[in-house]
Amino acid sequence: MSYLGHSPDEEAQMLTAMGVGAFEELIAQVPPALRLKGPLDLPPALSETELRRLFVGLARRNYDPETTVSFLGGGIYDHAIPALIDHLVLRSEFYTAYTPYQAEVSQGTLAATYEFQTMVCELTGLDVANAGMYDGASAAAEALRLARAASRRERVLLAAGVHPRVREVVRTYLDGAEGRLEILPESEGRLAPEALRQALAGEPVAAVLIQQPNRYGLLEPLDALSATLGTPGPARPHLVVSADPISLGVLAAPGALGAESAVGDLQSLGVPAQFGGPTAGYFATRRAHLRRLPGRLVAEARDHAGRRGFTLTLQTREQHIRREKATSNICTNSALIGLRATIYLALVGPSGLREVGRQCLARARYALERLLEVPGVTRVYPGPFFREFVVRLPRPAAEVVARVLEQSGILAGIPLARHQDGRERDLLVAVTEKRSREEIDALAAALSRALA
Amino acid sequence: MDGLLPELCATPAGSVDLIFDASLPGHRGYRFPALDLPEASIEGEIPAGLRRERAPHLPEVTEPEAARHYIALSRLNHHVDRSLYPLGSCTMKYNPKVNEDLARIPGLGLLHPEAPETAVQGMLELLWHAGEALRAIVGMDAISLHPSAGAQGEMLGMQLVRGYHRRRGRTKAKVLIPDSAHGTNPASIARAGFTPVQVASRADGRIDLAALEDLIGPDTAAIMITNPSTLGLFEGEIREISERIHAVDGLVYMDGANLNALVGLARPGDMGVDIVHLNLHKTFSTPHGGGGPGAGPVAVRAPLAELLPVPQIERDGERYRIVSDRPHSVGRLHSYYGNAGVMVRAYAYIRSLGPEGLRAVSRAAIVNANYLMRKVEGAFPVAKREACMHEFVSTCVWTRQHEVRNIDVAKRLLDYGFHAPTVSFPLIVPDALMIEPTESETRRSLDGFAAALHAIAAEVRERPEDVRGAPHCTPVGRLDEAEAARRLSLRWTPPGRRGA
Numbered sequence: 001m002s003y004l005g006h007s008p009d010e011e012a013q014m015l016t017a018m019g020v021g022a023f024e025e026l027i028a029q030v031p032p033a034l035r036l037k038g039p040l041d042l043p044p045a046l047s048e049t050e051l052r053r054l055f056v057g058l059a060r061r062n063y064d065p066e067t068t069v070s071f072l073g074g075g076i077y078d079h080a081i082p083a084l085i086d087h088l089v090l091r092s093e094f095y096t097a098y099t100p101y102q103a104e105v106s107q108g109t110l111a112a113t114y115e116f117q118t119m120v121c122e123l124t125g126l127d128v129a130n131a132g133m134y135d136g137a138s139a140a141a142e143a144l145r146l147a148r149a150a151s152r153r154e155r156v157l158l159a160a161g162v163h164p165r166v167r168e169v170v171r172t173y174l175d176g177a178e179g180r181l182e183i184l185p186e187s188e189g190r191l192a193p194e195a196l197r198q199a200l201a202g203e204p205v206a207a208v209l210i211q212q213p214n215r216y217g218l219l220e221p222l223d224a225l226s227a228t229l230g231t232p233g234p235a236r237p238h239l240v241v242s243a244d245p246i247s248l249g250v251l252a253a254p255g256a257l258g259a260e261s262a263v264g265d266l267q268s269l270g271v272p273a274q275f276g277g278p279t280a281g282y283f284a285t286r287r288a289h290l291r292r293l294p295g296r297l298v299a300e301a302r303d304h305a306g307r308r309g310f311t312l313t314l315q316t317r318e319q320h321i322r323r324e325k326a327t328s329n330i331c332t333n334s335a336l337i338g339l340r341a342t343i344y345l346a347l348v349g350p351s352g353l354r355e356v357g358r359q360c361l362a363r364a365r366y367a368l369e370r371l372l373e374v375p376g377v378t379r380v381y382p383g384p385f386f387r388e389f390v391v392r393l394p395r396p397a398a399e400v401v402a403r404v405l406e407q408s409g410i411l412a413g414i415p416l417a418r419h420q421d422g423r424e425r426d427l428l429v430a431v432t433e434k435r436s437r438e439e440i441d442a443l444a445a446a447l448s449r450a451l452a
Numbered sequence: 001m002d003g004l005l006p007e008l009c010a011t012p013a014g015s016v017d018l019i020f021d022a023s024l025p026g027h028r029g030y031r032f033p034a035l036d037l038p039e040a041s042i043e044g045e046i047p048a049g050l051r052r053e054r055a056p057h058l059p060e061v062t063e064p065e066a067a068r069h070y071i072a073l074s075r076l077n078h079h080v081d082r083s084l085y086p087l088g089s090c091t092m093k094y095n096p097k098v099n100e101d102l103a104r105i106p107g108l109g110l111l112h113p114e115a116p117e118t119a120v121q122g123m124l125e126l127l128w129h130a131g132e133a134l135r136a137i138v139g140m141d142a143i144s145l146h147p148s149a150g151a152q153g154e155m156l157g158m159q160l161v162r163g164y165h166r167r168r169g170r171t172k173a174k175v176l177i178p179d180s181a182h183g184t185n186p187a188s189i190a191r192a193g194f195t196p197v198q199v200a201s202r203a204d205g206r207i208d209l210a211a212l213e214d215l216i217g218p219d220t221a222a223i224m225i226t227n228p229s230t231l232g233l234f235e236g237e238i239r240e241i242s243e244r245i246h247a248v249d250g251l252v253y254m255d256g257a258n259l260n261a262l263v264g265l266a267r268p269g270d271m272g273v274d275i276v277h278l279n280l281h282k283t284f285s286t287p288h289g290g291g292g293p294g295a296g297p298v299a300v301r302a303p304l305a306e307l308l309p310v311p312q313i314e315r316d317g318e319r320y321r322i323v324s325d326r327p328h329s330v331g332r333l334h335s336y337y338g339n340a341g342v343m344v345r346a347y348a349y350i351r352s353l354g355p356e357g358l359r360a361v362s363r364a365a366i367v368n369a370n371y372l373m374r375k376v377e378g379a380f381p382v383a384k385r386e387a388c389m390h391e392f393v394s395t396c397v398w399t400r401q402h403e404v405r406n407i408d409v410a411k412r413l414l415d416y417g418f419h420a421p422t423v424s425f426p427l428i429v430p431d432a433l434m435i436e437p438t439e440s441e442t443r444r445s446l447d448g449f450a451a452a453l454h455a456i457a458a459e460v461r462e463r464p465e466d467v468r469g470a471p472h473c474t475p476v477g478r479l480d481e482a483e484a485a486r487r488l489s490l491r492w493t494p495p496g497r498r499g500a
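Chains A and B, in that order, give the protein sequences. Under our numbering, the letters of the first sequence match residues 1 to 452, in that order. Under our numbering, the letters of the second sequence match residues 1 to 500, in that order.
The hints are simulated quantities; they were obtained by calculation from the structure and are not laboratory data. Where is the CB? At the ideal position from N, CA and C, for every residue including glycine. Mixed in with the good hints, there may be bad ones.
Distance windows between CB atoms, simulated [claimed, not checked]: (1) A/E194 x B/Q198: 44 to 54 Å; (2) A/E194 x B/G44: 25 to 35 Å; (3) B/G496 x A/A417: 28 to 38 Å.
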């Protein structure tokens, strides 16, 4: 009971002070028929010592992430996480605060969020960014919704290179108001401008969602695809780019390529994998769409003495004011994760972001070359890629991954068959700046051994 | 500053600096490992049209500079570990520190969600047990851990309602909500393509059954209720309400934001509820984080189980499986399995309390709220004068004659070292202050808060200008929100660049 504010004795005193005879008087409003007669069917309370024992025991029944070298990607990446981040987000002032509705006592959260909005604009080359979303997938869904509302069109196109998981979340979100989603065909793993051009014929399109880098790690020809969408103007479909922010030190800003909105997941920026969540999403767009932007927005403000501060703004877009007419129903988002990303970007700076991008290019290139030296391993897609690539194995990938893990303690990659039929021998391999030459060589050797 | 307690202005007055203000060319705060293999040239790897031309303008700071900056920012925040944070329906209870340690155990916190199933059995076991524990607490048949927040849970809930009716060949357009509903409720209803229809409250703030009956019809898909209501009062006729909704083949959705009043005391499953979402960052102590991350698991009765999102985690003897083959599922809501990191913390909390501890939580929350209500009502009358559950709503109507509004009272509380309650919600109470102390507060803390409110009430009468001009002791004074909304500076701009 160490988290409670008072003991049973104190409770008795408080009841007396209230002029209440017994606790039951306070819950007279709960019909006796609805009250539980006995305790909940749960195991008895554990002390901290017992809790640690239990959770360490559960952790032991998983692979050990500290000693198992991982080449897993597909949306969650093993990027370096600066030590300072945890020390800062473990400060009570950041993690035990809530929504900054009372701005005067929330300047820490609000200023950091203003920094976040700034950095997202800088990375994406767009005008405005909100305070964040739950994750990249829901951010993509909301950007498509915005496009529909802004254009008064229904039709939405998704490149095949958008990861199936994201596509499924988008479908779940957009089905709410009768979604109309079309998946565009892929050609050698990418969206060809000609395929987009053909798809644009017919009913006008609200938006096209393209992931960069895409689900295979490939670089989509965003410049040519953007050109295919036509000249800027109200008739042009929204180009919505789902961009991994860690690539934006070396890859062109979506805004510079004609994107109307950019969204993505922030996990690469100083966020541990956590078995897939919580992460956070970002959403940046052009100034014209500001009033349709979901989620929180922080603006610079002044107090009566002229001191600079920050405050939530344009709250009339949000659920607590607009209710059923709100731009979204989002309330709690993922602020602490956004703070992690902000601190990460502050620590690495522009040169660090460029460097980590270059390292991902170099290490993935080296890894691909080494893996192609393993007999029977072939490359699936030609052309430029970032941090990830797909190889084809002589045997089913899931089986090979299991053998490599067992024999060598390495997680070789994600079998594409997890999300796509007919791809049983294909393996998605991610190589971040954390993967040393030695580790990559060990992967190649392990693969050789497993295939022998 | 007459009348202020001596320690009131101990808050560090600070300027609010941005990291960009600390930036110096050439500084950097993090080093990557040296490249131990051949360089890749950007020109060789990336086609010209896709290459970054202009580097993003990010700050250049050393690690100690970053540390000082963010620590300085942190000191400008009020937080639960400083003092009472009585936001209504937010349940700002203590966040146990051991849960942060447990979530950071590498074998839990660093796991990749797409590792082979056999390599993550411990995590699957944890998530399964967490789901089962939450299910037991609410008394429902099945659960999804996917939603990332309560609002996303509500959205899922509405999609479940739609899917349920579709499966039975029905289209029903309307979802009923009380006029005291939280804003996410109608927003979520509209998102799912339904029309929200408001049901009036009685004088005691509870749903008016007669008004409800008038509105119920064959096109009623569901009702979305909060119990206890946002006035902190238990809907005693919840079973009767459920019966009437079920009689027209509608579903009962319960917004579980106020579950802190019910844990171990009563279960939504016994109230005729068909779908309920929980807020783990409220009832189950996971940190609020300045605005998330949270989690909003959704629990359902058996007939809705087939509709739950994919994938689900199932137990098969000693093994745990990830199951995606669910033909009637509404689809995928989370990229992976839900916010597992939040689940670890919530499960640790549940296991640390056990059944007696959970029962004690709701009991202490109810005692604290009633105790505080009786101490406060002399200063600010309570909207409904009866015992409350875990929260209550006071009104500031009387301050208007002194040209002071509820927001001014809230701002003055900041000077006394407390966070303000929720202001101007629920909408059915004029000039509301919605106060939820939670079970974490001691009597002393509650007495201090009540004393502050009484002092402010006196100030309203004697020196209203001090209240109107509040806060005086915070790092910044009251900010001009109207000017901020006109100017709309939503990002910092480097000097020399044309502003956005």
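These are the hints, each one checked on the structure:
1. A/E194 x B/Q198: 44 to 54 Å: holds, 52 Å
2. A/E194 x B/G44: 25 to 35 Å: holds, 26 Å
3. B/G496 x A/A417: 28 to 38 Å: At roughly 52 Å between Cβ atoms, A/A417 and B/G496 fall outside 28 to 38 Å, so the hint is violated.
The structure fails to meet hint 3 from the earlier list, while all remaining hints are met.
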